[in-house]
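Protein chains: 4
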Amino acid sequence: MFETQEEIPEIKERLHRVGITNLRTIARINWKGKLYTFIPTFEITIDVPEEKKGIHMSRLVESITETMSEAVEEEVKEAHTSLEELGLAVIKRLEGKHPHKRAEVWIKTQLIMERKTPASKKISLETYDVEVGVIKEPGQIEKVLRVKVIGNTACPHAMANNQGKTHIQRAVATLEIRTDYNEEIALEDMIDVVESSFSSPTYTLLKTIDENAVVQNMYSNPKFVEDVAREIIFKAKQKFKGKIHVKVVSHESIHKHDVIAETWY
Amino acid sequence: MFETQEEIPEIKERLHRVGITNLRTIARINWKGKLYTFIPTFEITIDVPEEKKGIHMSRLVESITETMSEAVEEEVKEAHTSLEELGLAVIKRLEGKHPHKRAEVWIKTQLIMERKTPASKKISLETYDVEVGVIKEPGQIEKVLRVKVIGNTACPHAMANNQGKTHIQRAVATLEIRTDYNEEIALEDMIDVVESSFSSPTYTLLKTIDENAVVQNMYSNPKFVEDVAREIIFKAKQKFKGKIHVKVVSHESIHKHDVIAETWY
Amino acid sequence: MFETQEEIPEIKERLHRVGITNLRTIARINWKGKLYTFIPTFEITIDVPEEKKGIHMSRLVESITETMSEAVEEEVKEAHTSLEELGLAVIKRLEGKHPHKRAEVWIKTQLIMERKTPASKKISLETYDVEVGVIKEPGQIEKVLRVKVIGNTACPHAMANNQGKTHIQRAVATLEIRTDYNEEIALEDMIDVVESSFSSPTYTLLKTIDENAVVQNMYSNPKFVEDVAREIIFKAKQKFKGKIHVKVVSHESIHKHDVIAETWY
Amino acid sequence: MFETQEEIPEIKERLHRVGITNLRTIARINWKGKLYTFIPTFEITIDVPEEKKGIHMSRLVESITETMSEAVEEEVKEAHTSLEELGLAVIKRLEGKHPHKRAEVWIKTQLIMERKTPASKKISLETYDVEVGVIKEPGQIEKVLRVKVIGNTACPHAMANNQGKTHIQRAVATLEIRTDYNEEIALEDMIDVVESSFSSPTYTLLKTIDENAVVQNMYSNPKFVEDVAREIIFKAKQKFKGKIHVKVVSHESIHKHDVIAETWY
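Chains as they are written, first to last, in the working numbering: chain A, 2 to 266; chain B, 2 to 266; chain C, 2 to 266; chain D, 2 to 266.
It should be emphasised that the hints constitute simulated quantities derived from the structure, not laboratory data.
Quick caveat, the model's predicted, so the values are computed rather than measured.
You can trust all of the hints, since none of them are fake.
Since the list can't tell identical chains apart, any single copy or any two copies may satisfy a pair.
Here are the simulated SDA-like cross-link-like pairs (lysine to any residue), alpha carbons at most 20 Å apart as the crow flies: (1) Lys117 with Glu67; (2) Lys238 with Glu52; (3) Lys166 with Asn222; (4) Lys240 with Glu185; (5) Lys149 with Asn23; (6) Lys166 with Gln217; (7) Lys123 with Arg94; (8) Lys123 with His57; (9) Lys109 with Asn23; (10) Lys248 with Gly134; (11) Lys208 with Glu7; (12) Lys35 with Ser70; (13) Lys238 with Glu177; (14) Lys248 with Trp265; (15) Lys149 with Phe235; (16) Lys248 with Pro10; (17) Lys149 with Ile40; (18) Lys122 with Met2; (19) Lys13 with Lys240; (20) Lys93 with Thr22; (21) Lys208 with Thr5; (22) Lys102 with Asp48; (23) Lys53 with Thr209; (24) Lys208 with Thr22; (25) Lys236 with Glu52; (26) Lys117 with Ile27; (27) Lys102 with Arg60.
All chains, full assembly: derive it from the sequences and hints.
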């Protein structure tokens, strides 16, 4: 059997990220004592030195699937209480399988959170896109945490010029934090920071009295996309330690295009 | 050289639509005396009888590219004054190249239309997704015309319950007409029908006085997604002859999900 | 409080499908004795008669969320052993909440299946996109089952003309069956029909000896996209009762565009 | 009339990128003496200082539409011979309209290039996704050029272990260069660098003898995704001056997931 990957390539260039992407598989996590099963999308990469032609892709897949199946088998009673812990477990397993200097694991999935609606106080289950990356470099492990939250903006400029009438629209904000692996940051807290920075949060279930409360809320908190971005980064800097990136996109109801506000720290 | 396509397949099943999809190429059209170049996406299919293993895909590609290059070379002074004429020209060319009973050509592109903003009367160029299909069956040629237009909805229920305040959001409506090839229907007229059925049309360029006019307009025309769908199909039935399909999706500003209204005639 | 939805609309047109789309929430199913949690995307619609302005959207959401939370709370020991059963439970709950003549529930999610790799016989977990619709019309309940499977095609024409060398590529096939609600059809069986019709199935985990087996398999089963479509519909007609629709798209490695074969019965 | 944008915000945070995104409009360019019309997607942003609440979005839109309409009216006989020149013209116009320290314009569109097929030497028109960004910071103007090219990979490892048989698949590579605005780099040359680095280029139109040539070509140039990335960055470093980023994604025909190789310099 030939190991073509071990050959010396004709062109010698170091590659920083080589691996698997868009791999969907089952994962199970013990989140605050409860077991959650979900089907995240994985990306896993390592670097390739100048003198190697390629990597053994199947070992990367094995690192994921063995970590997952271990988790599934052991009912994850003690391990993997977060996505980054799952990511690090994959990297640890990879260390015994394939030499490398740097490794990254990225896990994209959805979180479900319970919210109470503003007036009837009914429970409304809300879903959020989240992504966690674990990046191992020589002597250092960092993580990247991303949450994407749907809210809305009510334009303060139109409101000032139209006796309280204004245009309102759905907006989507992303908060990303890059920090030391050991920094404790809950995705749920990041979602709270973002969701509380819109003109109003949104809810899956709204009875008429709740809908009225959300409408009143939007008119009481007119915000530019700029205001939403400022509020998110301001709160995030107070709460979380690390490099922070904020992006808000508003799907304008009066235009066919979107408006955007982005900042970082 | 083997012509595998002409062999008799082991399994004998008639196939209705076999061909090329997601092919992007250049097209040029003489639209009301002006030349427009654009890069549409093509799908072209024919049927395959039970006793043939496959089709000669390259002849389908040739039918498209020869029609296009002919158009490009002749500066399209006289021919191809519409997307369906372009589609039919491709089918005509295909008839001499590849036997078949039925053939379809689908062309997806964008249209640009000039609008005047409501107050400052400035010109605002608006883009619309359109798709045209030409379907040739024995003894009959039909066409399918589709336009997709971005507008908005201002909720009448929330407005009634909140002293004139309401939630507003971007909405997207699709109007599709399937009719005889010779029926004269302009995509621009279809776009007008849809765009005039929202709470307000949207514009790329809006100065403050225009923005105010759009805001006032939305509050004067509160509409459920149901109202938008009803108005589109009502106007379309009056103006156009053929099978009509209407779909409106509203990206609710108070929810993370969308609402939908769909009907046909 | 105003019930704007109950008003008589100015334009009177019956609407066939009005409701909620792109709603993501948590679901739990008892699949062959094992509990699975997942986050599907829902669409739920009802018809609106000519004389009603709109529907009460929140009752549709409640029908979903109550069904889900019931399922979650009861640990679904006895109910909801399939996606269609879940869909029908939502419709049944809706019947007590909102008058209508026809109702549809659509659930989109992913299935995980265990496969054995062809040579090393290792377990490889494979994911598949599936969608199930339950359509209630007066006196009749139907369901639509859809599976989407990734495989490959090795071109027999290029193989015949190049002494066994050929172009190979990823292909994606969709099988849809519309049938009576009570017809017993497992999504897993539909996936098997599709996956066995490519030049070769694909696997998440492949050691070198498995990779060799897949390669040999592809060269032993050269297939046009037409052959894949024919084999799927042939097998599906034998195994399943209902209206069948097959679509295969091959992401050609020698072109920038795709080729397509579609048929129905 | 209130100018809410000029107010002092409650929260003081500098925002780096605020503006318009996903705006589609018509553009016209004089490319080597020929006029091309196309419908690109624009993003245009400026920074917002701590003491300003927001920006005047309509001035950004005007900067785009006036530049475009000027171009359209003047038949662009002398100006705008490239996408970056168009981008800079938008920024120059913006300077007179809205104060700012940094500004960015991003233009996404498709390029068409004429290729000759390898055996029959027929002309085949090929389309490529391109994106150009112009970034103005105090005392400096940079540009970012991106091209995305579809090709293929034939796996050398499977080829070595299967007597010349191997798995082949479509692959997509992106080359990005960030450099001084005045650096002369043609998008066409970047596309050539990428397209020549796959196992074989792909073509829209292939007659059987061309298809045979492409097949032979793929088997003569077996390449890992790693090899493609190395060849692109090696050639790009020789030809172009600036920061270079390469990403290659291969849609594996034997897996449901993709493999990726990424590097930068």
